[in-house]
Amino acid sequence: MPANTGTPLVELRDISIAFGGIKAVDRVTVDLYPGEVVGLLGHNGAGKSTLIKCLSGAYRADAGEVFINGEKVEITNPRDARAHNIETIYQTLALADNLDAASNLFLGRELVTAAGFVDDARMEAETRKIMARLNPNFAKFNVPVSALSGGQRQSVAIARAVYFNARILIMDEPTAALGPHETQMVADLIQELKKQGIGIFLIEHDIHAVMDLCDRASVMKNGQLVGTVNVADVTDEDILGMIILGKKPGQAA
Amino acid sequence: MTQSAQQTARDGKDGNVLSRFLKATEIDTRLLGMVGALLLIWIGFHFYGMMKFGTGAFLTPRNLWNLSVQTASIGIMACGMVLVIVTRHIDLSVGSVLGFTAMIMGMVQVRWLPEVFGLGHPMIVVLTILVGLVLGAMVGALHGWLIAYRGIPAFIVTLGGLLVWRGMAFLVARGETISPVDSTFALLGGGPYGSVGALGSWIVGAICCAGVVFLIVNGRSQRRKFDFPLRPVWAEYFLAALGCGLIVGTVLLFNNYPWPIGIVRQYAAANDITLPEGGLFISHGFAIPVLILIAVGISMTILMTRTRFGRYVFAIGGNPDAALLAGIDVKWVTVKIFALMGFLTALAAIVASARLNSATNALGTLDELYVIAAAVIGGTSLAGGVGTIYGAILGALVMQSLKTGMVLIGFDAAIQNIVVGAVLVLAVYVDILYRKRSK
Numbered sequence: 001m002p003a004n005t006g007t008p009l010v011e012l013r014d015i016s017i018a019f020g021g022i023k024a025v026d027r028v029t030v031d032l033y034p035g036e037v038v039g040l041l042g043h044n045g046a047g048k049s050t051l052i053k054c055l056s057g058a059y060r061a062d063a064g065e066v067f068i069n070g071e072k073v074e075i076t077n078p079r080d081a082r083a084h085n086i087e088t089i090y091q092t093l094a095l096a097d098n099l100d101a102a103s104n105l106f107l108g109r110e111l112v113t114a115a116g117f118v119d120d121a122r123m124e125a126e127t128r129k130i131m132a133r134l135n136p137n138f139a140k141f142n143v144p145v146s147a148l149s150g151g152q153r154q155s156v157a158i159a160r161a162v163y164f165n166a167r168i169l170i171m172d173e174p175t176a177a178l179g180p181h182e183t184q185m186v187a188d189l190i191q192e193l194k195k196q197g198i199g200i201f202l203i204e205h206d207i208h209a210v211m212d213l214c215d216r217a218s219v220m221k222n223g224q225l226v227g228t229v230n231v232a233d234v235t236d237e238d239i240l241g242m243i244i245l246g247k248k249p250g251q252a253a
Numbered sequence: 001m002t003q004s005a006q007q008t009a010r011d012g013k014d015g016n017v018l019s020r021f022l023k024a025t026e027i028d029t030r031l032l033g034m035v036g037a038l039l040l041i042w043i044g045f046h047f048y049g050m051m052k053f054g055t056g057a058f059l060t061p062r063n064l065w066n067l068s069v070q071t072a073s074i075g076i077m078a079c080g081m082v083l084v085i086v087t088r089h090i091d092l093s094v095g096s097v098l099g100f101t102a103m104i105m106g107m108v109q110v111r112w113l114p115e116v117f118g119l120g121h122p123m124i125v126v127l128t129i130l131v132g133l134v135l136g137a138m139v140g141a142l143h144g145w146l147i148a149y150r151g152i153p154a155f156i157v158t159l160g161g162l163l164v165w166r167g168m169a170f171l172v173a174r175g176e177t178i179s180p181v182d183s184t185f186a187l188l189g190g191g192p193y194g195s196v197g198a199l200g201s202w203i204v205g206a207i208c209c210a211g212v213v214f215l216i217v218n219g220r221s222q223r224r225k226f227d228f229p230l231r232p233v234w235a236e237y238f239l240a241a242l243g244c245g246l247i248v249g250t251v252l253l254f255n256n257y258p259w260p261i262g263i264v265r266q267y268a269a270a271n272d273i274t275l276p277e278g279g280l281f282i283s284h285g286f287a288i289p290v291l292i293l294i295a296v297g298i299s300m301t302i303l304m305t306r307t308r309f310g311r312y313v314f315a316i317g318g319n320p321d322a323a324l325l326a327g328i329d330v331k332w333v334t335v336k337i338f339a340l341m342g343f344l345t346a347l348a349a350i351v352a353s354a355r356l357n358s359a360t361n362a363l364g365t366l367d368e369l370y371v372i373a374a375a376v377i378g379g380t381s382l383a384g385g386v387g388t389i390y391g392a393i394l395g396a397l398v399m400q401s402l403k404t405g406m407v408l409i410g411f412d413a414a415i416q417n418i419v420v421g422a423v424l425v426l427a428v429y430v431d432i433l434y435r436k437r438s439k
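In order, the protein sequence lines correspond to chains A and B.
Numbered per full-length UniProt numbering, the first sequence spans residues 1 to 253.
Numbered per full-length UniProt numbering, the second sequence spans residues 1 to 439.
For reference, chain A alone in the conformation it holds in the complex:
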């Protein structure tokens, strides 16, 4: 467990965003240190994904500030987020089904030749390299990703986040569509990325995965932050209580 002193890698401060009068996220503050995994928990509709989309550039917060390494930054679109080495693995995977693995991996950041044309051969070679590391069984490089299984698609989405040297990784239910073997693969990967000093926000429903993988857990309910706890200091019952009742452990139920 890293000592959370010094400057956080990311700090989301007093973030608020509303859709048609409903406050999806209401003055939420969370932070993330290098080499740390922070779980974001809560019911469906608690505002986890919306909060995190303000960091990944998919949404713009109505109010609040984002600090990266202590510096205030403006993230107005996904390109800004990528420029700050923030990579996101979305719940919906966000893959273009009609393109192959390499095209998806490099989507928006294609390798080009000296003449400015996309360099498919080099992109495929790079894709083969990273896939050999992440998922050695992956062999379908020349077919659209619609022809891949859920696990294979997931490894493409993860490869995309890992390839570009992310410092901050957002994973929105990365194991939702996976079998036990592939879930283990993702867990191993998270441990490895932690060692490299990458900070990870992990949105997760499975309480056991949270207890196993996360250092801290921030729980949200109805758009508000219930609280943030050190996972080592609490039991899964405590966290469930926070999710269901919206009470911090120690408070009278």
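Under the rule of at most 20 Å between Cα atoms (straight-line distance), these lysine to aspartate or glutamate pairs were calculated in the DMTMM-like manner:
id, chain 1, residue 1, chain 2, residue 2
1, A, K140, A, D120
2, B, K225, A, E126
3, A, K247, A, D233
4, A, K221, A, D14
5, A, K23, A, E65
6, A, K194, A, D31
7, A, K72, A, E11
8, A, K195, A, D215
9, A, K248, A, D31
10, A, K248, A, D233
11, A, K140, B, D227
12, B, K436, A, D97
13, A, K129, B, D227
14, B, K331, A, D80
15, B, K336, B, D321
16, A, K195, A, D212
17, B, K225, A, D120
18, A, K72, A, D14
19, A, K221, A, E237
20, B, K225, A, D119
21, A, K221, A, E173
22, A, K248, A, D215
23, A, K140, B, D28
24, B, K23, B, D227
25, A, K72, A, D31
26, A, K221, A, D236
27, A, K140, B, E26
Label pairs and their calculated CB-CB ranges:
id, chain 1, residue 1, chain 2, residue 2, range
28, B, G262, A, G116, 46 to 52 Å
29, A, D62, B, I432, 43 to 49 Å
30, A, A114, B, G151, 38 to 44 Å
31, B, V164, A, G116, 34 to 40 Å
32, B, P153, A, G20, 19 to 25 Å
33, B, V330, A, Q196, 28 to 34 Å
34, B, G167, A, F67, 54 to 60 Å
35, B, R88, A, G116, 24 to 30 Å
36, B, L253, A, V143, 37 to 43 Å
37, A, D233, B, I152, 51 to 57 Å
38, A, D14, B, T29, 57 to 63 Å
It is worth saying that the hints were derived from the structure and are not from the lab.
Cβ atoms here follow ideal geometry from the backbone N, Cα and C, with glycine treated the same way.
Following the hints, position chain B against chain A.
Okay, now just chain B, sitting in the frame of chain A:
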């Protein structure tokens, strides 16, 4: 190595000679199907004509040359329509935009510029074309802006455009026909003078053959550089021979269509040549509009498969949300796609009005339907994300072959419409069956 061996073994289980041949050469079976359908149409019309009139008129150098010229205008627009449909939009306005840009170009070259430069000044053609292409691109960009930044569905924007631009085409000259156009401009529509002749065609053919060989050699060296599986050597030779054979065959075909005797006499008189006994055999060769179509086809293929822009077009078609999350400026790309569609429509307007030697406000009426049909027959999926430029050009050729063929064997306009409509529905149905099977 073991992996590719396994793969061969797996593919080999339903592998007769044909499927192994297709596997090795990597020829798209869809493409093969379309070429087959095209040949069937051609041969069918030819033999129907033979039985009915004693001589088949379809498979003659003259008819095939005319077919190539008639395909040019629709083919050029179909290339742009592929991008529009791939991104899940539609453009119903191309016929009207063609009419509008043709009318403006007619006015520019016949009424306005001659007053400035004097009749027949070379700047007239240059400025006319420039005005037309910029105007087309601006009209398209306006459509794109309304669709992308104002959120109006493309169907509605371009349906409105269909009416608006047709009306504007009428207003430009209060419905008058502008004729004749500038004599240099008219060359862009084809005809004996608007063709490059035998030597020119051989030069074009040689350049195309060199291109085919370069693509094959370069592709092979790229694959070797990154250790990707290679096609067998015989397949490479076969593809090179096939490509060059088709090109040489086309050159021979078009060079075999001589100028009509009247034009030859006119030409001889103008150049002080005494006509020999048997007349002069002057080849048409490639018509300029066909060369424009070829150039558009090659450039658009490069744009779609080799540039970031093309990659984004496909990504947006496959999953607009993913494209957005990947940092692609989807709205701006949409504007560019429609601007490109407008640009190509103006180019088609140049070809169409030059060919008629006049600009009329009705020019291009119903073209939108033929263009969309060409793209769809050519395998562009209305669900988005899938489509090829060569398919759209082949689709345009199929549509034009049907039209031409039915005129040759004397079907009247009503039956032509019925057949073209039925073929469109049938083509899409076959396409759906094909996609289901290949899944």
